[in-house]
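Peer 1: Now for the letters of each chain:
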Amino acid sequence: MSKRAHSSPGKGAENLMSDTARSVQTSLDSAREGNARIDTVPKLLLRNAAEFGQRPAMRHKDLGIWQSWTWSQVSEQVRDLALGLRKLGFQRGESVAIVGTNRPRLYWAFAAVQSLGGIPVPMYQDSVADEMVYVLEHAEVRFAIVEDQEQVDKILSVSDQLPHLRHMIYDEDRGLKDYDHTRLHSYQAVQELGRAERRSNPGSDAWLLEEIAKGCGADVSVMLYTSGTTGRPKGVMLTHDNVVRSGQNANIFDHFTEKDTMIAYLPMAWVGDHIFTYGQAYAGGLCVACPESPATAIDDRREIGPTYFFAPPRVFETMLTEISVRMEDAGRLKRAMYSYFMKVAERAGSKILDRQPVGITDRILYWIGDKLVYAPLRNRMGFSNLRLGYTAGEAIGPELFRFYRSLGLNLKQLYGQTEASVFITMQPDGQVSSDTVGTPGPETEVKISETGEVLFKSPGVFLKYFKNDEATAATKTPDGWVKTGDAGFIDSRGHLRIIDRAKDVGKLNNGALFSPKYLENRLKFYPEVKEAVAFGDKRDYVTMFVNIDLVSVGNWAERNNVSYASYQELAGDPRVIDLVKRRVVELNKALASEPLMAGSQIKRFIILHKELDADDGELTRTQKVRRSFIAERYASLLAALYDGSTEATISVEVTFEDGRKGRIEGRMQVVEIAINPAAAAPIKEAAE
Amino acid sequence: MNVVADIIALDNAQPTAPRRIGEVMLKLDNVSLSFGGVKAIRDVSFDVRRGEIRAIIGPNGAGKTSMLNVINGFYHPQQGVITFKGEQRSAMRPYVAASQGIARTFQNVALFKGMSTLDNIMTGRTMKMKRGLFWQALRHGPAMAEEIEHRAVAERIIDFLEIAHIRKTPVGRLPYGLQKRVELGRALATEPELLLLDEPMAGMNLEEKQDMSRFILTVNDTFGTTIALIEHDMGVVMDLSDRIVVLDYGQKIADGTPAEVKADQKVIDAYLGVAH
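So the protein lines, in turn, are chains A and B. If you read the first sequence in our numbering, its first letter stands for residue 28, the second for the next number, and so on. If you read the second sequence in our numbering, its first letter stands for residue 2, the second for the next number, and so on.
Watch out, some of these pointers could steer you wrong.
[As the list claims (entries may be wrong)] Below are the DSSO-like pairs computed for lysine-lysine, each with C-alpha atoms no more than 27 angstroms apart in a straight line: (1) LYS169/B x LYS88/A; (2) LYS398/A x LYS169/B; (3) LYS557/A x LYS491/A.
Honestly, the hints are just simulated from the structure, not real lab data.
The shape of chain B in the complex, shown without the other chains:
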């Protein structure tokens, strides 16, 4: 199934500027993570370059989401070194990761259900707000000016993701596909340098997948945002990503371009199973 084939085809039809894939932005060296006796990630090393779309795939329970949680500081690996933008770090809090330019979406949508689309996206601007709670609450003078400025950013994101019609709708009432889109909007509102997407297309129909693929490509292309994503739809992964890392039982079994990964015998075995 070639979900984004037509989008790609469209891109190829036009002379596109070559995308700039730059130096290594995030590097993981020999990272291991275990919960008690369960080894979720075993000695995995890989890197993400600036400007690329990097996919992490693998069968269920392979450690993909754990990997994202390690990257954004939610889990702290027992072993290994993580280098982000040239800086080594060991234990860090998710909000520190966020302030350094890492944003993410979740496998099970984690929005504020009772709040509107607009408010959810505005929460993504929290990091950028300079005035304290007191001034914010007053909504006067500089705090108001700041709010207007952030609202403008949120509105641009709403326009970009084509969700103007649900701007004031509580997200709990939205269909799943749209919730996913709002979540992407909130992540974008932090103006991230590295965007982590945990199964952005899970549970979507074909049309929603096409839309989401288009948004991911445009974010990457227009804003130059680096993207690391987990996805199960192989058509999507092969079409979208520049490089793919494959995990199985917490171990890295392959790493390379879509073509290389597709041909890798270990990957085929992991997905189809091997006769013992």
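If we strip away everything but chain A, and leave its shape as in the complex, we get:
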């Protein structure tokens, strides 16, 4: 039955191009002519310094005050660092690791390295040293530019395994003054080297411009290691063409200019951050603000008021949970106002945003609601100036999506991956819904393979995986299509819908389609559930592991006088189990009415005694569940789900945040739920 839904023969990519996409095509062509020679990011920087020299390029909150740098100041910072790196012996083609939270100096390091023809390799700053070794070694990193002592210590602790590494440069000098500085340098010291070079050698500016001119669009601009749900991370090589054109296309698609502002708070090693806050910012001259620290990002966002914001659904979910929790604690008047006007917003908000007809009463009510509730809420979340928000990476709950759109926030979805320099499909304005991911972006083609897998072609298609031709060949077809590994289909309006990872879609023993991620996401849409892991491929029925959401359930417990001392205790409380059970029953009821999914209702589940954690290898660093690893680790629980027992015990090793290990033991209840009869007729047909 999946085949029927997935393959939509006869729909060429041309037909899929939406009107918006076609209309931007013309502006694309004209823009491209003007930019013909600006084919690398450092060249974009030179252009920005010339064209928007006095406009802010970067802001950073430091010691409680927002510091700003204009494009011409940024170009000077980059120049000094580049000359300093050169002085330290940096050679064209060498790679440089960049590790840390979002800070201006680390972003400048990208441009400085690229100016010299080098390849920056951003890395996840919360990886432990052992995880870092692989990337540092595989990418043959010669220089490392890092944030602070923490990163320096991590790399020093494994430096004997890194024969290529020559120099390390740090931004924040706290605690580092007594370190051996023969191969360790402060960022300022390196820039000072560059400035000294300029003083003693007047030709150095011209030399650097020549170096920048040597670069071309086909050169590798950055190497991004994908976190990988399986196996070792792969180094995705993106060219300057990829980054520059993806950035330009996205700016044209959503009309971003140098007047827009965004906030950089997602990991620098992630392709989204690289394309949005680096590629797109440089391509369009956008201003990027860096928060003071990850902990202050939300307050800092309020102060900056970005016009463009990206976040995975998880972030939007957390925000909504926080608002709901606070509203429940608010006074009666506020609560009444909130619930009344949120109903108005639900009726009228999205329609007003999409410029659809709305009655005059609702318009007036919405206007009042905006003054009293929506605008203060938007301000609370730091979205007062928001023109556009994107979400991607995971499915977003329909209620969640509607909530933000009804407040008047233009939240849209996109679909992308590292190998595409992010953009594959995007939702054009006015064609937004929670269950699709939009139409192919500018200059992008999408098709569905025989097996139901989504394939694409775009200017952002990566060059290859570094030192891994086998994987490259497995992903890129000879005629230029890239396999996404996602199963999906194109709906009647030409919008792409993603169901799951192609390899994860399986079948139950009775032949019904089993899509674990689809089920997990549906359950995770409930605020009580933080994480869920579904099993069912080649089994008789579907089962799940569930993690409760400590914020939401904790608040519920407080209001219902349920006392608890730990996550484990709360998760094991019969009333909490009952709470989750009711949600699963609700979900089953909803599933029963969906032809494709009626067969995969959840029969049994266990609430896990600990939260799934990346430090224990249960989640990837981007917080995706590693299903097979979890199945192995919790084998005894999984067995209990299928052998009819009503209880299960387990003891697992956990890693604490400071690296020590311990064991957590637990006895858990297995909960069984009745399966609803499938809503007869349509399923038969779909399951033929």
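Knowing the structure of chain A, use the given hints to seat chain B on it.
Peer 2: For chain B alone, coordinates are given in the frame of chain A:
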């Protein structure tokens, strides 16, 4: 339990400049303090050298906090001489002590609960403010310039103690561990020469203790601040301090390096009790 072992280990791994422990900064000679018939401190003498971390330990009710109160002028001893920076003093007010460079934190956090972290730390700058109340209230001209200058100092402390995320939060809403950190921040804001810490790690979990130990070591190491602290966690005390004075029933029973104190029979008896 070696709370700061890893921090120490880290320090040892790197070639560190030898810390400068200088001349005697504070000297107490035969100090006695009693409240009515209760003798809180009996004839105690010890000194604190410039740049060192000096711990005062002892069982409950040994007179440790009284000792700190004597040092910062809150209590006035009936007998004995206190010499601070070469100057003898008898009765002095806490604000005089503060103006001479002695700052302290309290066993039970004594912050302004309704005020933000930033404002609490700014109160530590009061001593340094030159303009009068009138100009301060106007917030104009020189008073504003002064305020900006003090705010910059406060911000550096906030950055140092890693409490930027709670800068604007009323301290009453903060968990205990963070309140302790804010209190340390307020003490640091006075730019003290001698910092008195009354159980800086009481009621903290392991991670908070590690953080606090790190801050204490860095304050001592980077700014050269002399520190006298009371602490019950023996692991912390042994790892942090250069010298330890042990009190029991108001009397000094031992004084020396951590190793010496640990081996002292009288100390062992005081802590474990003796069979009579």
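Peer 1: If any of the earlier hints don't hold here, list their numbers in rising order.
Peer 2: Hint 3 contradicted; others consistent.
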